[in-house]
Amino acid sequence: MTVSTATTAISTASAARRTDRRIRIARRAATPVIVVLSLGGLLLWLSTLELDSIEQRTLNWDYIALRTGEHLNLTIVASILVAVLAIPTGILLSRTRSRAARGFVLGLANVGQATPAVGVVILLAIIWQTGYTTALVALVIYSFLPVLRNTMIGLEQIDPFVKESALGMGMTSGQVLRRIELPLAVPVILAGLRTSLVFCVGVATIATFINAGGLGDMIVNGLKLQRFPVLVTGAVLVASIALLIDWVASVVEDVLRPKGV
Amino acid sequence: MPESTDTALTQIASRTDGARIVLDRVSKVYPGQDAPAVEEFSMVAEPGELIMFVGPSGCGKTTTMKMINRIIEPSSGSITIDGRDILSLDPSELRRHIGYVIQQIGLFPHMTIAENIAVVPKLLGWSKQRTAERIDELLQTVQLDPGTFAHRYPRQLSGGQQQRVGVARALAANPPVMLMDEPFGATDPITREKLQAEFLRLQESIGKTIIFVTHDFDEAIKLGDRIAVLSERSQIEQFDTPAAILAEPANAYVRSFIGHGAALKRLALIPVETAVLGAASAAVDHHRIATDDSLRDALDLLIVTGAPAIGVVDRSGSLVGSLTVERISTALGADATALAATRSDEGRPA
Ligand SMILES: Nc1ncnc2c1ncn2[C@@H]1O[C@H](COP(=O)(O)OP(=O)(O)OP(=O)(O)O)[C@@H](O)[C@H]1O
Ligand SMILES: [Mg+2]
Numbered sequence: 001m002t003v004s005t006a007t008t009a010i011s012t013a014s015a016a017r018r019t020d021r022r023i024r025i026a027r028r029a030a031t032p033v034i035v036v037l038s039l040g041g042l043l044l045w046l047s048t049l050e051l052d053s054i055e056q057r058t059l060n061w062d063y064i065a066l067r068t069g070e071h072l073n074l075t076i077v078a079s080i081l082v083a084v085l086a087i088p089t090g091i092l093l094s095r096t097r098s099r100a101a102r103g104f105v106l107g108l109a110n111v112g113q114a115t116p117a118v119g120v121v122i123l124l125a126i127i128w129q130t131g132y133t134t135a136l137v138a139l140v141i142y143s144f145l146p147v148l149r150n151t152m153i154g155l156e157q158i159d160p161f162v163k164e165s166a167l168g169m170g171m172t173s174g175q176v177l178r179r180i181e182l183p184l185a186v187p188v189i190l191a192g193l194r195t196s197l198v199f200c201v202g203v204a205t206i207a208t209f210i211n212a213g214g215l216g217d218m219i220v221n222g223l224k225l226q227r228f229p230v231l232v233t234g235a236v237l238v239a240s241i242a243l244l245i246d247w248v249a250s251v252v253e254d255v256l257r258p259k260g261v
Numbered sequence: 262m263p264e265s266t267d268t269a270l271t272q273i274a275s276r277t278d279g280a281r282i283v284l285d286r287v288s289k290v291y292p293g294q295d296a297p298a299v300e301e302f303s304m305v306a307e308p309g310e311l312i313m314f315v316g317p318s319g320c321g322k323t324t325t326m327k328m329i330n331r332i333i334e335p336s337s338g339s340i341t342i343d344g345r346d347i348l349s350l351d352p353s354e355l356r357r358h359i360g361y362v363i364q365q366i367g368l369f370p371h372m373t374i375a376e377n378i379a380v381v382p383k384l385l386g387w388s389k390q391r392t393a394e395r396i397d398e399l400l401q402t403v404q405l406d407p408g409t410f411a412h413r414y415p416r417q418l419s420g421g422q423q424q425r426v427g428v429a430r431a432l433a434a435n436p437p438v439m440l441m442d443e444p445f446g447a448t449d450p451i452t453r454e455k456l457q458a459e460f461l462r463l464q465e466s467i468g469k470t471i472i473f474v475t476h477d478f479d480e481a482i483k484l485g486d487r488i489a490v491l492s493e494r495s496q497i498e499q500f501d502t503p504a505a506i507l508a509e510p511a512n513a514y515v516r517s518f519i520g521h522g523a524a525l526k527r528l529a530l531i532p533v534e535t536a537v538l539g540a541a542s543a544a545v546d547h548h549r550i551a552t553d554d555s556l557r558d559a560l561d562l563l564i565v566t567g568a569p570a571i572g573v574v575d576r577s578g579s580l581v582g583s584l585t586v587e588r589i590s591t592a593l594g595a596d597a598t599a600l601a602a603t604r605s606d607e608g609r610p611a
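Chains as they are written, first to last, in my numbering: chain A, 1 to 261; chain B, 262 to 611.
Since the hints were made in silico from the structure, they are not lab data. Where a beta carbon is used, it is the ideal one built from N, C-alpha and C, also for glycine. Heads up, some of the hints might be wrong.
With a Cα cut of at most 27 Å, we get these calculated BS3-like pairs of lysine-lysine [what the hints assert, rightly or not]:
#1 A:K259 <-> A:K163
#2 A:K259 <-> B:K483
#3 A:K163 <-> B:K389
#4 A:K163 <-> B:K383
#5 B:K483 <-> B:K455
#6 B:K483 <-> B:K526
#7 B:K526 <-> B:K455
#8 B:K389 <-> A:K259
Listed next, with one range per pair, are the computed distances between beta-carbon atoms [said to hold, decoys possible]:
#9 A:G174 <-> B:Q365: 18 to 26 Å
#10 A:I153 <-> B:R416: 37 to 45 Å
#11 B:H476 <-> A:A100: 34 to 42 Å
#12 A:V248 <-> B:S339: 26 to 34 Å
#13 B:Q365 <-> A:S98: 23 to 31 Å
#14 A:G119 <-> B:Q365: 47 to 55 Å
#15 A:N211 <-> B:L385: 57 to 65 Å
#16 B:S419 <-> A:I153: 50 to 58 Å
Here's a subset of chain A near chain B, in silico, CB distances under 8 Å, partners left out [unchecked claim]:
#17 I87
#18 G170
#19 T195
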């Protein structure tokens with residue numbers, strides 16, 4: 001009697017785990033399916049249209065590949081810069097005792113994010129220059145905060161007794177950081193990077209205002225010249241990239257999450 | 262300079278069956294506090310000795326202990342291990358030769374049990390082969406099957422199992438000194454008793470110098486070679502063997518710490534064979550106790566059975582005598598007299 005109850009409990013548990021996995025796989029598959037469907041739909045719809053010469057100039061593979069390439073380049077380079085700059089800053093800040101320094105840097109990053117992105121881009125263009133570098137700097141400023149904040153949170157949420165026992169066993173503070181703190185903070189830091197990446201995809205559309213290319217060109221041209229298909233294509237592409245990048249980041253998060261946590 | 266540190270550490274590390282620890286007027290004042298948490302604490306722990314710190318919460322047990330591996334730096338005073346001033350040694354290197362078990366266990370959640378145990382051997386540059394063998398040996402020592410547990414993660418273990426891993430991890434590089442802060446604190450009474458018994462058996466075979474912090478006076482009696490009863494600011498109220506403290510508490514503070522039933526607690530420390538036994542023929546019933554059981558177990562059996570006398574058997578199982586309540590009481594009195602005699606021999610104030 002007890003045995004059969006126990007067996008039932010176990011099989012219920014494993015059934016629950018199986019449905020859990022099925023839900024997870026379904027959720028994982030949803031994004032690529034939606035993206036493929038909407039891109040396919042877009043293609044089908046465009047193929048039914050008679051394009052005029054203006055539309056033909058933008059709605060061709062070469063042009064779209066160029067703009068998409070620019071857009072991805074801005075997004076990815078900016079995110080790499082953010083990772084390279086914000087993670088070490090977060091580590092340093094979480095190690096300083098000075099509350100003032102932490103408050104100041106966090107405040108600065110907050111201003112960067114709270115200021116409307118268009119404002120940052122145009123301001124930079126006015127006081128500095130237009131073009132790719134300026135767009136990149138604006139993107140970095142804008143998406144710095146999530147990575148910085150998550151690095152700090154990721155390091156600070158670690159059980160202090162885990163750190164104490166690492167130190168007590170004879171690790172130097174550098175070894176504690178590399179072997180214990182960073183691996184345990186990885187999931188939180190990656191979540192910050194994922195947020196940053198998605199921010200970047202959206203904000204990179206603004207690069208067009210300062211001649212830095214990207215899919216923003218298609219959207220703005222579509223609006224300016226009142227070419228609906230161009231506008232829609234640009235918008236759908238940006239949305240698809242954002243979804244796909246978010247999806248890739250979520251897969252990476254799962255792969256890099258330390259086992260046992 | 263680094264060379265002398267190296268030789269000092271090598272010397273300490275080679276004392277795998279215990280090093281002498283000397284604390285001399287050690288104090289700790291936490292920044293921003295007026296009163297010291299530890300004031301002028303002096304103590305000598307002999308090699309291979311298991312010393313228990315008992316005292317109420319906040320009296321400074323943990324602070325005192327953590328100054329020995331420099332997790333907390335002393336404000337004044339000196340601490341030496343095997344004659345070496347620890348403040349002259351590199352703290353990280355020093356800690357690799359001091360086993361450290363904290364109450365909160367602090368296993369690394371992202372490492373398997375085997376990886377957790379391998380941390381100090383890795384820091385000391387052991388070969389993979391040697392480390393792997395050591396992990397197996399240690400898991401067996403703390404009674405966890407290596408095949409089942411080595412590749413699990415900490416969260417897949419029960420609290421008691423985690424505490425065993427904590428102890429195994431601290432023992433990994435065979436350090437001469439162990440610091441243990443309430444290592445069995447977070448377990449239920451039954452698991453706790455089992456861990457204590459295992460630990461005693463372990464200490465008999467490894468014989469490290471151990472500082473062991475506990476709240477629980479009964480745990481201190483059971484495990485300690487000597488007990489330091491501490492009060493506010495880590496003041497030593499009494500520092501002596503469990504039997505001596507139970508027989509002659511130094512003051513009212515110590516007496517209050519012992520609580521009720523001091524005589525019964527003492528009986529638990531005295532083996533049956535030290536009592537003067539009656540004739541074997543007096544044991545008319547079939548109730549038997551072994552010579553290496555405690556007098557407390559004997560008394561327990563007498564009370565439970567209501568028999569006037571119980572038989573005592575030796576290891577081979579043959580009847581060697583009998584015990585009555587009177588004889589147990591006499592043995593307790595003799596024990597106290599013997600204690601007093603050894604104490605006056607050593608010229609210590611009684
Ligand atoms: N990091 C710290 N900063 C300031 N004061 C501290 C710190 N750690 C401990 N104290 C204080 O020092 C005193 C001794 O603390 P300690 O942790 O050594 O006590 P304990 O005897 O181990 O207590 P418990 O049995 O509760 O663990 C306490 O009054 C405590 O408040
Ligand atoms: Mg404590």
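Comparing the hints with the structure gives:
The hinted pair formed by A:K259 and A:K163 meets the criterion: a straight-line CA distance of about 18 Å does not exceed 27 Å. At most 27 Å may separate the alpha-carbon atoms for a hinted pair to count; A:K259 and B:K483 exceed this at roughly 39 Å. Only pairs whose Cα atoms come within 27 Å are accepted, and A:K163 paired with B:K389 is accepted, the gap being roughly 25 Å. For the given pair, A:K163 sits about 17 Å from B:K383 by alpha-carbon distance, which is consistent with the 27 Å threshold.
Among the hinted pairs, B:K483 with B:K455 is consistent with the structure: their alpha-carbon atoms are about 12 Å apart, no more than 27 Å. With a C-alpha separation of about 9 Å, the suggested pair B:K483 and B:K526 falls inside the 27 Å cut-off, and the hint holds. A distance of roughly 19 Å separates the Cα atoms of B:K526 and B:K455; the hinted pair therefore holds under the 27 Å criterion. Of the supplied pair hints, the one linking B:K389 and A:K259 holds, its CA atoms being roughly 22 Å apart against a limit of 27 Å.
Range check, A:G174 to B:Q365: about 23 Å between beta-carbon atoms, so the 18 to 26 Å window is met. Range check, A:I153 to B:R416: about 21 Å between beta-carbon atoms, so the 37 to 45 Å window is missed. Take B:H476 and A:A100: their Cβ atoms lie about 40 Å apart, and the range 34 to 42 Å holds. Look at A:V248 against B:S339: about 58 Å separates their beta carbons, and that is not inside 26 to 34 Å.
Checked against the hint of 23 to 31 Å, the C-beta distance between B:Q365 and A:S98 comes to roughly 28 Å, which is consistent with it. In this structure, A:G119 and B:Q365 meet the distance hint of 47 to 55 Å, their C-beta atoms being roughly 48 Å apart. For the pair A:N211 and B:L385, the beta carbons lie near 60 Å from each other, so the given range of 57 to 65 Å is met. Checked against the hint of 50 to 58 Å, the pair B:S419 and A:I153 fails, with Cβ atoms roughly 30 Å apart.
With its C-beta approaching chain B no nearer than about 18 Å, A:I87 sits outside the 8 Å limit, and its interface hint is violated. Checking A:G170 against chain B by beta carbon gives a least distance of about 3 Å; that is within 8 Å, so the hint holds. The beta carbon of A:T195 is not positioned within 8 Å of any beta carbon in chain B (closest approach about 23 Å), and the interface hint is therefore violated.
In summary, the structure is inconsistent with hints 2, 10, 12, 16, 17 and 19 from the numbered list given earlier, while agreeing with the others.
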